[in-house]
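**Q** Residue numbers (the numbering used here), protein chains in the order written: chain A, 1474 to 1724; chain B, 3 to 402; chain C, 3 to 291; chain D, 74 to 396.
In case anyone wonders, no lab produced these hints; they're calculated from the structure. Among the hints, erroneous ones may be present.
[Stated by the list, open to error] So these bits of chain B aren't anywhere near chain C, every CB distance computed over 10 Å:
#, residue
1, Glu67
2, Leu80
3, Lys139
4, Lys269
5, Met306
6, Trp318
7, Tyr335
8, Asp357
9, Asp361
10, Thr367
11, His381
12, Ile399
[What the hints assert, rightly or not] Here are the simulated lysine to any residue pairs, SDA-like style, with alpha carbons at most 25 Å apart:
#, chain 1, residue 1, chain 2, residue 2
13, C, Lys92, A, Phe1559
14, B, Lys236, C, Phe247
15, C, Lys92, D, Val276
16, A, Lys1544, D, Asp186
17, B, Lys262, C, Leu129
18, C, Lys126, B, Pro290
19, B, Lys269, B, Thr388
20, B, Lys262, C, Ile76
21, A, Lys1621, D, Val176
22, C, Lys92, D, Leu369
23, C, Lys126, B, Gly265
24, A, Lys1621, D, Ser188
25, B, Lys236, C, Leu7
26, C, Lys92, D, Ser188
27, B, Lys236, C, Val260
28, C, Lys92, A, Arg1561
29, B, Lys269, C, Leu132
30, B, Lys207, C, Ser261
31, B, Lys262, B, Gly295
32, B, Lys238, C, Ile155
33, B, Lys139, D, Ser234
34, A, Lys1644, A, Ile1660
35, A, Lys1551, D, Asn284
36, C, Lys162, C, Val151
37, C, Lys126, B, Leu343
38, C, Lys162, A, Ile1489
39, B, Lys269, C, Pro136
40, C, Lys126, B, Gly392
For glycine and all other residues, C-beta sits at the position ideal for the given N, C-alpha and C.
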Amino acid sequence: MPLLKVCGLTKKFYGITAVNNVSFAVNTGEIVGLIGPNGSGKTTLFNCITRMLIADQGRVLFNGEDISNFKPAQIAQKGLARSFHFIRVFIDLTVRENILVAAQHHQQDNDLEQIFRTKNSRLLDQEILIKADKIINFIGLQGLTNEKAGNLSYGQRKLLSFSMAIIFHPKLVLLDEPAAAVNPTMIKRIGEYIRTLNQQGITFIIVEHNMEFIMGLADRIIALDQGSIIADGLPRDVQHDYRVQEAYFGV
Amino acid sequence: MNKHKFWSICILTGTILALITSCVPQQSIQSEDEKAVDVSIAEEKEPIRIGVAASFSGPIAYVGEGYMMGATLALEELGGKIAGYPIQFYTADNACNPEQATSAIRKLVDVDEVHLILGSGCSSCTLASMPLLEENKVAQITGGSTAPEISEMAGIGGNIWEFRVNASSTVMAEAYAPYIAKNEKSVFFMAFNDDYGRGAVDAIKPLLQAEGVEILGEEYFERGTSDVRPILLKIKEANPSALLLTTTESDAITILRQFKELGLSIKIYGYNSTIVTGLFTEMTPDEPGLNEGILEITWWAQGMTPEMEEAFLSRWGTEASPHRAIYYFIVRYVVKEAIELAAQRGEITRESLRDALNDLSIENTPIGPLEFDDNNQAHHWLPVYTMKDGVVEVIEILKP
Amino acid sequence: MEIFLQYLIAGITNGATYALVALGLTLLVGVARLVNFAHGDFFMLGGYLLVFLFVDKEIPYLLSIVITLIVMLILGLLFERIVVHPTINKTWREQLVATLATSIILSNVAILFWGTTPRLAPTKLSLTILRLGPITISSHRFVVFFVAVISFIALSFFTKNTKIGKAMRAASQNRDACLIYGINVNFVSLVTVTISTMMSGLAGVIITPLYNVSPTVGSVMTLKALTSVVMGGLGNTTGAIISAFILGIVEALFSGYVSSQYQDVASFVIMILILVFRPHGMFGKKVGI
Amino acid sequence: MKAIKENKYSIFLIIGVLLLVSILPLLVNLPFVLHVLISTLMYIGFALSYDIVTGQIGAVSLAHASFFGLGAYVTALIGKAIGAPFWLNIIIATILSIGLAIVMSLPAFRLSDLSFSFATLGLALTVQLVVKNWVKITRGPMCIHNVSNSSLWFNGILEISRTNLIAYFYLFLMVDIVIIILYRLISTGRLGRTLTAVRNDEVLASSVGINIQRYKRLTFFISAGIAGAIGSLWAPYISVVCPDYLSMDYTLNLLAIVFIGGSGSLLGVVGGSILLTVWPELLRVTPAFRLIIYGLFLLIFVTSIPNGVKGIISNVNKRLKIN
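Bound-form chain A, shown alone (with noise of 0.2 Å):
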């Protein structure tokens, strides 16, 4: 059974489509690359998988279950996380408070006890603490623990959000051009994150227009344009493949 299955999902806004009958697979412990020029729908895809836009048509299915009709907090509680395009972070928040804030729904206690600070709640937030902690370490960003995180650079922000996308352990992660923007000492210490955190048994599927990287990185690649999947395999023939290099530079 694959962890994720696409079936027929589409989207439109104004008549145009954006996302148009995509249908895919991904198995536990892969890494899927996801490409395709500007405007290819790879964003409006992530966003329907997790369900910030409503998909016209299409089922998605999440460890054998329809998430279809779920809304996005409890598919992130399923253990389907993501990361967003336009680097976001809870500002007001430091470091340490905007990864607990990500870790802590998994917590199973009801809002009283955390008003009250019940016994149980207490050894709950410090189950987390530990792991928060050990998290910023692993991302390096210990000089940082209590630094609001409006005040980090983009880079910071882009391994925060990073960060926050795998503390509780998910499943399945969804990231979006992880290696935008970053510094090239930078994009490899995130590739060496994912693939650390992939061979700890986490999928991911990476949105990216960094060929290099994600061709070194993915086992998989499917490749997105005008809202149809146009190839999908391995990445030395998705590459070559003509009807991509036509997407790309109009061969």
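For chain A, the structure is supplied; the task is to place chains B, C and D on it using the hints.
**A** What follows is chains B, C and D alone, placed relative to chain A:
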């Protein structure tokens, strides 16, 4: 950049603080004559402080302004002194809101240490202030609140500190209902959606029904409503023989204009409405005769006191109106006589002023003899009057 | 039937006043994404300026309108520089509070200058009553209707056919893209806010002769204009105008046949229902994230 | 680290100040001053309850006065009918306010941002119109004027006279302390982080698994309940309950307090309440001026001083440390 911002904030805060402190200085309204008199008299008496708690802001701020016009004029006529005591007014705004009324009374009592309070035109404020009068043992004379509950709660066995000069809506209704019943078969009510309007309708409705007058409907509207045509059309459809209107000058103009626009021809009775006044005529120079033929009942009608009206016009440049006149009468007669009586008996204190008010009996005032009954309610004359050829004509003066 | 017709006419003519006020607001909402809670207060200032010029200084009506518009132009520029510009990049919360603050300031400045007693400014036209069969109507209502229609046409023409109008439309769709393509967003904002303010002032000058002007009239008008704008879909000019008329008619009919006291409840209920079932207004387009 | 420290101190600071305040009535026995103090305490609680929904989660509700007014009417009507002591009034008012909040949230929370504010504005005005025109029950604009005194037990046993200002002072002080503690518990820790996250970025918050609707409702209900409780306590003190209690004026006051003081900050909101309750009392003489200054303050703070009074204080602090 940051430094610049910091200093600009400092300067701004400083300016605002300066502005505020410039607003704080004392607010006693003292006429210039009064000061002159003060100097000439060698033997200086401790001034008597009178608080005015009324609405000086909010939707009916002009009522408070009108009160001060009347009160100031009366004091000036008295030479700024009563029984040799210089009089000082202290104002406190209650915005016609009971919560603010509490603050206003407390400020007058504690900060200004007034001897006597002239109360508000808003019944809710008067009612909210009554427990405080008892607590601080200070008397209040009210000239505008019409709720019957005030006199029910005041006087012997109740709150002995609250005195009301103007007639309550019940008293006015009792006087007016037979008059309307004599001439009309069916009526429609149109009134402000507040205690003033609703209270007036509640008081007169059962009386008219008892007299056999048919009630065809009642409609309430907010102060300042611009388009009242739907209501007027409803009245047109009901086709009563008379319309009973409870409003004030400015809203009345809007209503009467649209009344005319829709071509209605129903006899209008103003009821606590103050439409038939010189002020109304003054406000509608382009539309002479807008209030022609309207009948009205209040505590005062134009023409009852020509001297005072003239004085008012020359002092303030605008016509007197019932709201403006009532505080003139209160200061000119009730306050004056009360202070004189208290001075005769001895020291002027809050208590002695209350006792004086209680025992007061004024034979001759332009609005009839004034005396407070067991419920601390005065019974002035109620003139019924109309507008004829641009002049107020008193038809009848109902004497209790 | 006759009485129904009269209710309808009362509703339509009242709707025209709402439409006139809503026009300026919908432009502001559409282009600057700014919901101006002080919009009605500029209406009020327009009314008071008319009273000052036309009644106190006895300047002819048309000249008073022109002078008022010039004053409103200056006020609009000031409003943009002092209130709108510093908050344009902040969240809607700051904008909401800033315009509410402006509203508080303006209505109290009016109290300071003119007191709380409502003022009147009747023109010859507003006192002339026309008789059309069973229906009588003040001839000034036609002026209101006429000005509303003309303003609507002028506004549409301006935004569609002039260079600055096109820039305004572009700015309403994508601010960032405008920055890239060299459209001066600052200038566009300045023009938009000023036009909106002037239209609100114009509405005040045109409508005041029919009724009266008081410091509280501003908040009432803001509420009516906002309701129309929300109902029509934020920024949709045609939608706002149609909604304003619907609002006027619904109010008149509801007040005539059901209850005049609950007339406002009717319009709020409609507004909330529309917001819930069509979050982008009756005529608004659905927009994604 | 600094930010956390500052937060930790502020609760002690506030409680210390409150303790200092609590001996004030022994020093000043002028009823007017006590009355101003009581008003200030009332507004502190009221504004804090408003800040839970507006400052913490960032949903600018314009219906807050409705709950306050409902609480006041509960005491005036139900509380009087059954002769309930003040704590029972508080409980009933809280429950009914939450009930009203639940009804309001049905349409309002299907909307976001500005639409939410509009919807709450419309709902608040609707509620006020109903209270104003449902004369049979509420007496409408004639107001309910004989609200019974607060009492500690049923049927007026152990009554607190409304002229006993010192008793009211301590009553409100206690209520305030409870509200401040509740506010702290909500605005810090895990829940506090969640609320800040929702305020900062709803899309991101939902992508990390936060159920935005649920937290918005939670804060809306809590703040409504507190407002109702305060209203139920305020009514016997003022003795008259009018439809004005539900008017936008109250909400605008709160908006000014929260934004001038610094939204989302305990210190800021308390400071704002003190500022905006004490100054109007000093300026009672010139109402129009007072409101203009009020508006100017609001405008200046919103346009140029991002975090309100709180922001200025921390700015000055920083400066002192640097120099």
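**Q** Now tell me, hint by hint, if it's right for this structure.
**A** Verification of the hints:
no., hint, in the structure
1, Glu67, "7 Å, violated"
2, Leu80, "27 Å, holds"
3, Lys139, "34 Å, holds"
4, Lys269, "19 Å, holds"
5, Met306, "23 Å, holds"
6, Trp318, "13 Å, holds"
7, Tyr335, "27 Å, holds"
8, Asp357, "37 Å, holds"
9, Asp361, "38 Å, holds"
10, Thr367, "28 Å, holds"
11, His381, "30 Å, holds"
12, Ile399, "29 Å, holds"
13, C:Lys92 with A:Phe1559, "18 Å, holds"
14, B:Lys236 with C:Phe247, "21 Å, holds"
15, C:Lys92 with D:Val276, "18 Å, holds"
16, A:Lys1544 with D:Asp186, "19 Å, holds"
17, B:Lys262 with C:Leu129, "10 Å, holds"
18, C:Lys126 with B:Pro290, "13 Å, holds"
19, B:Lys269 with B:Thr388, "12 Å, holds"
20, B:Lys262 with C:Ile76, "38 Å, violated"
21, A:Lys1621 with D:Val176, "37 Å, violated"
22, C:Lys92 with D:Leu369, "18 Å, holds"
23, C:Lys126 with B:Gly265, "18 Å, holds"
24, A:Lys1621 with D:Ser188, "30 Å, violated"
25, B:Lys236 with C:Leu7, "13 Å, holds"
26, C:Lys92 with D:Ser188, "17 Å, holds"
27, B:Lys236 with C:Val260, "10 Å, holds"
28, C:Lys92 with A:Arg1561, "17 Å, holds"
29, B:Lys269 with C:Leu132, "22 Å, holds"
30, B:Lys207 with C:Ser261, "19 Å, holds"
31, B:Lys262 with B:Gly295, "13 Å, holds"
32, B:Lys238 with C:Ile155, "37 Å, violated"
33, B:Lys139 with D:Ser234, "16 Å, holds"
34, A:Lys1644 with A:Ile1660, "23 Å, holds"
35, A:Lys1551 with D:Asn284, "13 Å, holds"
36, C:Lys162 with C:Val151, "17 Å, holds"
37, C:Lys126 with B:Leu343, "57 Å, violated"
38, C:Lys162 with A:Ile1489, "24 Å, holds"
39, B:Lys269 with C:Pro136, "21 Å, holds"
40, C:Lys126 with B:Gly392, "21 Å, holds"
Violated hints, listed in ascending order, are 1, 20, 21, 24, 32, 37; each of the other numbered hints is respected by the structure.
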